[in-house]
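J.: Sequence:
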Amino acid sequence: MDFIGQRTIIDSFKENIKNKTLGHAYAFTGPEGSGKRTLAHYISKMILCTDHDNAPCGHCRSCKSFEAGGNPGFSVIRCETQRILINQIRGLIDNINIRPAYGYKIFLIEEAERMTTEAQNCLLKTLEEPPKYAVIFMTSANYNSLAITIRSRIVQTMLKPYTFEELNRILKQNGADMTEKEYIFSLSSGIPGKALKFINDNNLDEMRNKVMDFVFNSKEFSALDLNLYLSNNKEMFFECMDILESVLRDALLVCYGIEDGLINNDKKYKILEYVNGLNPHIITQKIYKIQDIRSALKRNMNYQLAVDMITLGA
Numbered sequence: 001m002d003f004i005g006q007r008t009i010i011d012s013f014k015e016n017i018k019n020k021t022l023g024h025a026y027a028f029t030g031p032e033g034s035g036k037r038t039l040a041h042y043i044s045k046m047i048l049c050t051d052h053d054n055a056p057c058g059h060c061r062s063c064k065s066f067e068a069g070g071n072p073g074f075s076v077i078r079c080e081t082q083r084i085l086i087n088q089i090r091g092l093i094d095n096i097n098i099r100p101a102y103g104y105k106i107f108l109i110e111e112a113e114r115m116t117t118e119a120q121n122c123l124l125k126t127l128e129e130p131p132k133y134a135v136i137f138m139t140s141a142n143y144n145s146l147a148i149t150i151r152s153r154i155v156q157t158m159l160k161p162y163t164f165e166e167l168n169r170i171l172k173q174n175g176a177d178m179t180e181k182e183y184i185f186s187l188s189s190g191i192p193g194k195a196l197k198f199i200n201d202n203n204l205d206e207m208r209n210k211v212m213d214f215v216f217n218s219k220e221f222s223a224l225d226l227n228l229y230l231s232n233n234k235e236m237f238f239e240c241m242d243i244l245e246s247v248l249r250d251a252l253l254v255c256y257g258i259e260d261g262l263i264n265n266d267k268k269y270k271i272l273e274y275v276n277g278l279n280p281h282i283i284t285q286k287i288y289k290i291q292d293i294r295s296a297l298k299r300n301m302n303y304q305l306a307v308d309m310i311t312l313g314a
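Each residue of the sequence shown is one higher than the one before, starting from 1 at the first, in my numbering.
Warning: the hint list may mix true and false statements.
Calculated cross-link-like contacts (lysine-lysine; reagent style DSS-like; alpha-carbon spacing at most 30 Å) [unchecked claim]:
| no. | residue 1 | residue 2 |
| --- | --- | --- |
| 1 | LYS286 | LYS267 |
| 2 | LYS14 | LYS234 |
| 3 | LYS160 | LYS219 |
| 4 | LYS132 | LYS172 |
| 5 | LYS105 | LYS125 |
| 6 | LYS268 | LYS219 |
No lab work stands behind these hints, which were simulated from the structure alone.
What you are looking at is a predicted structure, and each value in this text was computed from that prediction instead of being measured.
Hey, can you work out the whole structure from these sequences and the hints?
T.: As structure tokens, then:
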């Protein structure tokens with residue numbers, strides 16, 4: 001199965017493979033759910049494929065063993081506890097020094113930012129003087145948390161947001177479709193994992209309606225209703241704030257006469273009514289307030305206080 005999207009990255013690797021200019025270490029970076037791990041697997045399969053003109057062909061011995069999870073040229077290092085430990089990196093180094101029977105040996109370190117300081121230091125010499133047959137891939141949603149000594153020795157490969165068409169093809173591969181819910185594309189920022197989470201969430205429509213009610217209806221019960229919902233559904237808070245912020249962002253655009261590219265285009269007329277006579281500064285302040293509370297909550301702010309501040313202005 002071909003990889004959907006990220007053609008610039010894939011074509012660049014194909015060119016490097018063809019010209020034998022493949023580097024020795026790369027970090028695939030991007031938000032959680034952006035497909036870093038899947039892309040790293042796809043490119044690894046492409047490098048190991050023996051049909052170089054059609055890689056990954058899916059038919060050669062290498063591709064079949066890769067798909068079966070048993071290709072000897074591909075190894076994965078991932079968290080066994082909360083961190084990637086030095087012993088795991090020592091195991092990688094022992095393995096990397098054993099020459100393969102043919103072709104490359106590829107090592108994928110998933111969530112590389114979880115390596116302990118000792119593990120990162122242990123990896124440095126191998127990154128400085130790798131065997132010619134070895135390629136080390138990393139994935140990271142927080143690339144800058146890797147030691148500068150690591151980052152200076154690898155090529156950062158940043159994933160781009162997916163287009164609507166690409167994202168919908170990915171969703172269809174996973175048994176979903178956002179054709180009737182186009183707002184999910186903008187709400188997910190073109191991130192497949194986030195879009196899948198939204199589209200498979202049976203409570204999304206209910207939550208979205210409560211947010212819309214809260215924004216567009218000035219009656220007190222709308223605020224109390226959202227307050228009660230968030231109080232009882234703590235795990236939905238950040239998704240709810242994504243929706244709330246998206247509505248306010250749309251309202252701000254409309255205030256400045258921009259009606260194209262709205263995230264919640266299906267609520268356009270409600271938004272037009274809402275902003276009638278409203279000062280854009282008020283909307284901006286509301287957006288800043290949400291962002292401040294998001295940050296404070298991540299720094300252990302009391303959850304109920306955060307909910308009250310958002311919904312009741314406490």
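J.: Hint by hint, note whether the structure agrees.
T.: Each hint tested on the structure:
1. With a C-alpha separation of about 19 Å, the suggested pair LYS286 and LYS267 falls inside the 30 Å cut-off, and the hint holds.
2. For the suggested pair LYS14 and LYS234, the alpha carbons sit about 45 Å apart, so the restraint of at most 30 Å is broken.
3. Our distance criterion of 30 Å between C-alpha atoms is broken by LYS160 and LYS219, whose separation comes to about 42 Å.
4. Distance restraint check for LYS132 and LYS172: the Cα-Cα separation of roughly 40 Å exceeds the 30 Å cut-off, and the hinted pair is therefore not satisfied.
5. With a CA separation close to 17 Å, the supplied pair LYS105 and LYS125 stays within the 30 Å bound.
6. With a CA separation close to 21 Å, the supplied pair LYS268 and LYS219 stays within the 30 Å bound.
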